[in-house]
Amino acid sequence: MSDYNFAYLDEQTKRMIRRAILKGLAIPGYQVPFASREMPMPYGWGTGGVQVSAATLTPEDTLKVIDQGADDTTNAVSIRKFFEKTAGVDTTEETAQASVIQTRHRIPEEDLREDQILVYQVPIPEPLRFLEPSEIETRKMHSLEEYGLMHVKLYEDIAKHGAIATSYAYPVKVEGRYVMDPSPIPKFDNPKMEMAAIQLFGAGREQRIYALPPYCQVVSLDFEDFPFEASKADHPCDMCGATDSYLDEIIMDDAGNRMFVCSDTDYCASRRKAGHVGAQAAAASVALKETAA
Amino acid sequence: MIEIKNLSKTFTLHNQGGVVIPVMDAAELSVARGECVALTGASGAGKSTLMRMIYGNYLAAAGSIVVDGVDVVTAEPREILALRREVLGYVSQFLRVVPRVPTLDVVAEPLLAVGVETEVARDRARDLLARLNIPERLWSLSPTSFSGGEQQRVNIARGFAHTYPAMLLDEPTASLDAANRETVLSLIEEAKARGAAIVGIFHDEAARERVCDREIDVAVFTPGVAA
Amino acid sequence: MTPLLKVENISKFYGHRIGCKDVNFDLYPGEVMGIVGESGSGKSTLLNCLAGHLDPDTGEVLFEMRDGAMRDTVTMSEPERRMLSRTDWAFVHQHARDGLRMNVSAGGNVGERLMAVGARHYGNIREEAVDWLGRVEISETRVDDRPTQFSGGMQQRLQIARNLVTGPRLVFMDEPTGGLDVSVQARLLDLLRGLVREMGLSAIIVTHDLAVVRLLADRLMVMKDSHVVETGLTDQVLDDPQHAYTQLLVSSVLQV
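First to last, the protein sequences are chains Z, F and G. For what it's worth, the numbering used here labels the leading residue of the first sequence as 1, then goes sequentially. For what it's worth, the numbering used here labels the leading residue of the second sequence as 1, then goes sequentially. For what it's worth, the numbering used here labels the leading residue of the third sequence as 1, then goes sequentially.
In short, the hints are calculated from the structure, not lab data. This one's a predicted model, so the numbers in the text were calculated from it and none came from an experiment. Certain hints may be false.
Said to hold, decoys possible - Which chain G residues stay away from chain Z? Per the calculated CB distances, all over 10 Å, these: (1) 135; (2) 175; (3) 245.
Unchecked claim - Pair by pair, the computed Cβ-Cβ distance ranges are: (4) Z/161 <-> G/149: 36 to 42 Å; (5) F/11 <-> G/193: 39 to 45 Å; (6) Z/161 <-> F/127: 40 to 46 Å; (7) G/198 <-> F/17: 46 to 52 Å.
For each residue, glycine too, the CB sits at the ideal point set by N, CA and C.
If we strip away everything but chain Z, and leave its shape as in the complex, we get (with noise of 0.2 Å):
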């Protein structure tokens, strides 16, 4: 047992965050303001997420942490490794094992359940904030509902690239009535928003939280003649064939060559188990054999 209180939070803070977390449940989409502690990493590394996970996790909990997808990355390395040694939790990579999954940019691709709940972390909550500066008048931009900016900065992209190029932080208005930033997932991303699992966001620089309950709506911003579209490569994965995940684009050599794999590596991982080849997969595959013959 570690000399931590259980999840490095103090009692007290954890219910201070447990209250801004029903409250944004209670009013989905808008930023509750809440005293975010000093953690031990950086801004930016997902103090965030770190303090939601640490409100929400109870010692019967398995955690979940990726980054961009990926259970391997530093990030994600870290942070699982700060929870197994603060909470004395047990953790996983594998999507359907985990009760609360933190996540960096990205949404699992496996269909999460209602007894789950999946944290994200926000650099910044605020989506009208790169056009209006001042925090008074988006927070009044927000109370009386008057979004007509955030379709400002799709017109600009149209105009500017002939496409709406925004390609993640896509903006949503969540239940026809707060307009939020789903943090810098990929736009594929975007209609998982309605799903089973509880989800909750946290902006530790920003000190916002913000949530979605369970099948809330949750509609990307677009235009009539311009109307959303959740892109993806396309490409299959060159690991495991799938043909219906986000995937990472690596470059291979100074040659130019590159391949596509799916962006989860646990999504990835499960369908190799399973017997699903992709086409680098199974020429890597014949060269080893060949090879070993």
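We have chain Z; now place chains F and G onto it with these hints.
For chains F and G alone, kept in the frame of chain Z given last:
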């Protein structure tokens, strides 16, 4: 058409010791449709002052000035503006326009203001500018760069564009050559013929005798003189 | 005809100092009223009280809504007032950068008000933006440029287009030609006059430039030390001023 009763006017110069200068007292004037009345009197006798008061440009101290049923002395600004737009025209000695507006539009503007269609208004403006011998190549330019005589003729064209039922003319023929003077006088005669009531200041005696039916010496209204 | 705006007993105090006191007037549809006075005379305070940017301490600002009812904009709810200022009202700031989004293209600046009232068709929004740029004499080729790339006069014209695109009925202008050089001023004045007549706009223009009000305003209100000292037809007030201060003001203008 124009009925002036018991009109008086004083100027108070607050910044020069509060001097009060009475300039007009108990002025009376009545001008019927189709009639042209000349205001006479020495310089400073109050001809222009009276004219400006009729136009609502100067405020009266007492009395009434009824033009087409509207008492200019007590009317609201918007009533005076409506009167100026529809009924009461004023040809002053100076052209005052927004810089950059082409001459043709300067002349057509009073017609546009009463709702005449743009092309009809421009045709009328072209006709007047041609009659007043403004060369066609100048029509698309702003009159602010014109010579004094040209500016005055543009001003006259503008003043006669709309067929006002009442008109005020301040030295309309001053410094015009014979041909243009003739044009202006015939414009005045045409206005009278269609029933306009006209009050004018003419230093040009021949012109006055030709177009005016009566003369009023404003000196009789000057305080301390008339009595 | 009924007034578009009825202003009754508007006063604004800053602690012991008076911003403006007991201002009353009616503005009729299509009328342009100028408010003149020296710096600190309360004219900007008054304008901001009328436009809902400042809360007056006393009085009512009654505005004729589209259904014909007169509503007090001082006591109406903030969402309603902000809706008015996006639709029926327009506010042209002295400094274009106060009224524009400098990091958004010209087209986006004009389109914002349309999107704010629910326009969601990119093609139509853009078409209307281009049309309005044309009306304020900005070339279609500049529609995707940011205002930072525009001259001062162009920025001011862009601000006017952005304000008028939703067809407002009342425009507030705070020194609209201030800070522009004279040739640009003339062009802007001409443009404003044309738009006011074409669209039948009512306007309240605050300025200290008497030449501007002579060309633009039908009526004039002269303010001095937070009080209205004289009102009337613009040319009458300028040519036959009655109040000592107005006489001083008019006689102080340099002749060219």
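Cross-check of the supplied hints:
1. 135: holds (20 Å)
2. 175: holds (23 Å)
3. 245: Holds: least Cβ distance 38 Å, greater than 10 Å.
4. Z/161 <-> G/149: 36 to 42 Å: violated (19 Å)
5. F/11 <-> G/193: 39 to 45 Å: violated (31 Å)
6. Z/161 <-> F/127: 40 to 46 Å: violated (55 Å)
7. G/198 <-> F/17: 46 to 52 Å: holds (48 Å)
Hint violations for this structure: numbers 4, 5, 6, all remaining hints satisfied.
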